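K.L.:
This is what each chain is made of:
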Amino acid sequence: AQSVTQLGSHVSVSEGALVLLRCNYSSSVPPYLFWYVQYPNQGLQLLLKYTSAATLVKGINGFEAEFKKSETSFHLTKPSAHMSDAAEYFCAVSDPGGYQKVTFGTGTKLQVIP
Amino acid sequence: ETGVTQTPRHLVMGMTNKKSLKCEQHLGHNAMYWYKQSAKKPLELMFVYNFKEQTENNSVPSRFSPECPNSSHLFLHLHTLQPEDSALYLCASSHGGEGSSDTQYFGPGTRLTVL
Chain A
1 AQSVTQLGSH
11 VSVSEGALVL
21 LRCNYSSSVP
31 PYLFWYVQYP
41 NQGLQLLLKY
51 TSAATLVKGI
61 NGFEAEFKKS
71 ETSFHLTKPS
81 AHMSDAAEYF
91 CAVSDPGGYQ
101 KVTFGTGTKL
111 QVIP
Chain B
115 ETGVTQTPRH
125 LVMGMTNKKS
135 LKCEQHLGHN
145 AMYWYKQSAK
155 KPLELMFVYN
165 FKEQTENNSV
175 PSRFSPECPN
185 SSHLFLHLHT
195 LQPEDSALYL
205 CASSHGGEGS
215 SDTQYFGPGT
225 RLTVL
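Residue numbers (the numbering used here), protein chains in the order written: chain A, 1 to 114; chain B, 115 to 229.
Chain A with its partners taken away, still in its complex shape (with noise of 0.2 Å):
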């Protein structure tokens, strides 16, 4: 079975810093992986995928993730944080032979503080 683990429920940064926000998998199979961000009131929007294509994985606002399967990793990094960024980011993994069951983590709420 497929799991993912965030690391952390809650994460504060100063705007202008470096935002790292830990994402860990487990898969039996080398899956694809996914990052979401949830504004308040709103669902989930796709900010980047690994799909067993290039390693390093760039996404939208600035965002870019790294797959590491010798550290069963896909972290997701930003920079420069800003503080649009505020929000709720969601790691997902999914088995390629069953694309269509997408195991979510417990998400990290990110604080970007001025």
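Read the hints as simulated data drawn from the structure, not as lab findings. Be a bit skeptical, because a hint or two may be false.
Taking CB as the label site, the calculated pair distances span [said to hold, decoys possible]:
hint, chain 1, residue 1, chain 2, residue 2, range
1, B, Glu158, A, Ser84, 27 to 35 Å
2, A, Ser80, B, Glu167, 27 to 35 Å
3, B, Thr130, A, Lys69, 33 to 41 Å
In the SDA-like style, the derived pairs of lysine to any residue whose C-alpha atoms are separated by at most 25 Å in a straight line are [as the list claims (entries may be wrong)]:
hint, chain 1, residue 1, chain 2, residue 2
4, A, Lys49, B, Thr116
5, A, Lys101, B, His187
6, B, Lys154, A, Val19
7, B, Lys154, B, Thr116
8, A, Lys69, A, Gln111
9, B, Lys133, B, His209
10, B, Lys132, A, Leu46
11, B, Lys155, A, Tyr39
12, A, Lys109, B, Glu158
13, B, Lys132, B, Ser200
14, B, Lys150, A, Val19
15, B, Lys155, A, Leu7
16, A, Lys101, B, Ala153
17, B, Lys155, B, Lys166
18, B, Lys154, A, Ala53
19, B, Lys166, B, Glu198
20, B, Lys154, A, Ala86
21, B, Lys155, A, Ala53
22, A, Lys109, A, Ala53
23, A, Lys101, A, Ala53
24, A, Lys109, A, Leu46
25, B, Lys166, A, Gln100
26, B, Lys154, A, Lys69
27, B, Lys155, A, Leu46
28, A, Lys68, A, Ala1
29, B, Lys133, B, His187
So the derived list for chain B, only partly shown, Cβ under 8 Å to chain A, looks like this [unchecked claim]:
hint, residue
30, Gly142
31, Leu157
32, Leu159
33, Val162
34, Pro197
35, Ala201
36, Leu204
37, Ser208
38, Asp216
39, Thr217
40, Phe220
A quick note: this is a predicted structure, and the numbers were derived from the prediction, not measured. No residue lacks a Cβ here, since even glycine has one placed at the ideal position from N, Cα and C.
Given the coordinates of chain A, work out where chain B should sit on it, guided by the hints.
P.N.:
Structure of chain B alone, referenced to chain A:
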């Protein structure tokens, strides 16, 4: 309208009421999903439809009844709900079909409160 829309955005109902949630996607997708999002819990997949056929029921209680009349519309019929069913219900759609990464696109959700 573009993307995935959901109505109503907010719903308050008593335990004896019957109500329905509606989802519509304008993306030409063939797969649609219902998720439940509760505070402090991971997103829970409830149902999956592919080309109007239900392909996944994640042990959801029968008081939740989905309906997918066509690939663009998905309903969730609710009856005799419990207070613990209060949550944000999210609809999503994806292209469907094998061989793709099948990214899911989400609607804004319906915030349901059961009194």
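K.L.:
It remains to establish, for every hint, whether it holds in the given structure.
P.N.:
The hints, checked one at a time:
1. Distance hint for Glu158(B) and Ser84(A): a CB-CB separation of about 29 Å, consistent with the stated range 27 to 35 Å.
2. For the pair Ser80(A) and Glu167(B), the beta carbons lie near 47 Å from each other, so the given range of 27 to 35 Å is not met.
3. Look at Thr130(B) against Lys69(A): about 52 Å separates their beta carbons, and that is not inside 33 to 41 Å.
4. Distance restraint check for Lys49(A) and Thr116(B): the Cα-Cα separation of roughly 22 Å lies within the 25 Å cut-off, and the hinted pair is therefore satisfied.
5. Using a Cα cut-off of 25 Å, the hinted pair Lys101(A) and His187(B) holds, with the two alpha carbons roughly 20 Å apart.
6. Restraint check for Lys154(B) and Val19(A): satisfied, since their Cα atoms lie roughly 22 Å apart, inside the 25 Å limit.
7. Restraint check for Lys154(B) and Thr116(B): the C-alpha separation of about 30 Å exceeds 25 Å, so the hint is violated.
8. Between the alpha carbons of Lys69(A) and Gln111(A) the distance comes to roughly 29 Å, so the proposed pair goes past 25 Å and is violated.
9. At roughly 28 Å between alpha-carbon atoms, Lys133(B) and His209(B) are farther apart than 25 Å, so this suggested pair is violated.
10. This hinted pair does not check out: Lys132(B) and Leu46(A) have alpha carbons roughly 33 Å apart, beyond 25 Å.
11. The hinted pair formed by Lys155(B) and Tyr39(A) meets the criterion: a straight-line CA distance of about 17 Å does not exceed 25 Å.
12. Between Lys109(A) and Glu158(B) the alpha-carbon distance is near 18 Å, which keeps this suggested pair within the 25 Å criterion.
13. A hinted pair counts as satisfied when its Cα atoms are at most 25 Å apart, and Lys132(B) with Ser200(B) qualifies at roughly 14 Å.
14. Taking the CA atoms of Lys150(B) and Val19(A), the gap is about 28 Å. The hint is violated against a cut of 25 Å.
15. Pair hint Lys155(B) plus Leu7(A) holds up; C-alpha atoms about 14 Å apart against a cutoff of 25 Å.
16. About 21 Å separates the Cα atoms of Lys101(A) and Ala153(B), which keeps this hinted pair within 25 Å; it holds.
17. Proposed proximity of Lys155(B) and Lys166(B) is contradicted: the alpha carbons are some 29 Å apart, above 25 Å.
18. Restraint check for Lys154(B) and Ala53(A): not satisfied, since their Cα atoms lie roughly 33 Å apart, outside the 25 Å limit.
19. Proximity of Lys166(B) to Glu198(B) is assessed by CA-CA distance (about 29 Å); at most 25 Å being required, the pair is judged violated.
20. Between Lys154(B) and Ala86(A) the CA atoms are separated by roughly 18 Å; this keeps the pair inside 25 Å, and the hint holds.
21. With a C-alpha separation of about 31 Å, the suggested pair Lys155(B) and Ala53(A) falls outside the 25 Å cut-off, and the hint is violated.
22. With a C-alpha separation of about 28 Å, the suggested pairing of Lys109(A) with Ala53(A) is violated against the 25 Å cut-off.
23. Among the hinted pairs, Lys101(A) with Ala53(A) is consistent with the structure: their alpha-carbon atoms are about 21 Å apart, no more than 25 Å.
24. Using a Cα cut-off of 25 Å, the hinted pair Lys109(A) and Leu46(A) holds, with the two alpha carbons roughly 16 Å apart.
25. Using a Cα cut-off of 25 Å, the hinted pair Lys166(B) and Gln100(A) holds, with the two alpha carbons roughly 15 Å apart.
26. Between Lys154(B) and Lys69(A) the CA atoms are separated by roughly 28 Å; this puts the pair beyond 25 Å, and the hint is violated.
27. In summary, the hint linking Lys155(B) to Leu46(A) is supported, as the alpha carbons are separated by about 20 Å, within the 25 Å threshold.
28. Distance hint between Lys68(A) and Ala1(A) is fulfilled; the C-alpha atoms sit about 19 Å from each other, no more than 25 Å.
29. Under the criterion of a C-alpha separation no larger than 25 Å, the hint pairing Lys133(B) with His187(B) is consistent with the structure, at around 16 Å.
30. A hinted interface residue such as Gly142(B) counts as satisfied when its beta carbon comes closer than 8 Å to some beta carbon of chain A; here the least separation is about 17 Å, so the hint is violated.
31. For Leu157(B), the shortest C-beta to C-beta distance to chain A is roughly 4 Å, which falls under 8 Å, so the interface hint holds.
32. Of the supplied interface hints, the one on Leu159(B) holds, with its beta-carbon coming within about 7 Å of a beta-carbon of chain A, less than 8 Å.
33. Because the beta carbon of Val162(B) sits about 6 Å from the nearest beta carbon in chain A, less than 8 Å, this interface hint is met.
34. Taking 8 Å as the C-beta contact cut-off toward chain A, the hint placing Pro197(B) at the interface is violated, the least distance being around 21 Å.
35. Of the supplied interface hints, the one on Ala201(B) is violated, with its beta-carbon coming no nearer than about 14 Å to a beta-carbon of chain A, more than 8 Å.
36. For Leu204(B), the suggested interface contact is upheld, since its CB lies about 6 Å from the closest CB of chain A, less than 8 Å.
37. Residue-level restraint check for Ser208(B) holds (minimum Cβ-Cβ distance to chain A is 7 Å; threshold 8 Å).
38. Interface restraint check: Asp216(B) against chain A, minimum CB-CB distance 5 Å, threshold 8 Å, status holds.
39. The criterion of a C-beta within 8 Å of any C-beta in chain A is met by Thr217(B), whose closest approach is roughly 6 Å, and the hint holds.
40. Satisfaction of the interface hint for Phe220(B) is found here, the shortest Cβ-Cβ separation to chain A being roughly 4 Å, below the 8 Å cut-off.
Of the numbered hints stated above, those contradicted by the structure are hints 2, 3, 7, 8, 9, 10, 14, 17, 18, 19, 21, 22, 26, 30, 34 and 35, listed in ascending order.
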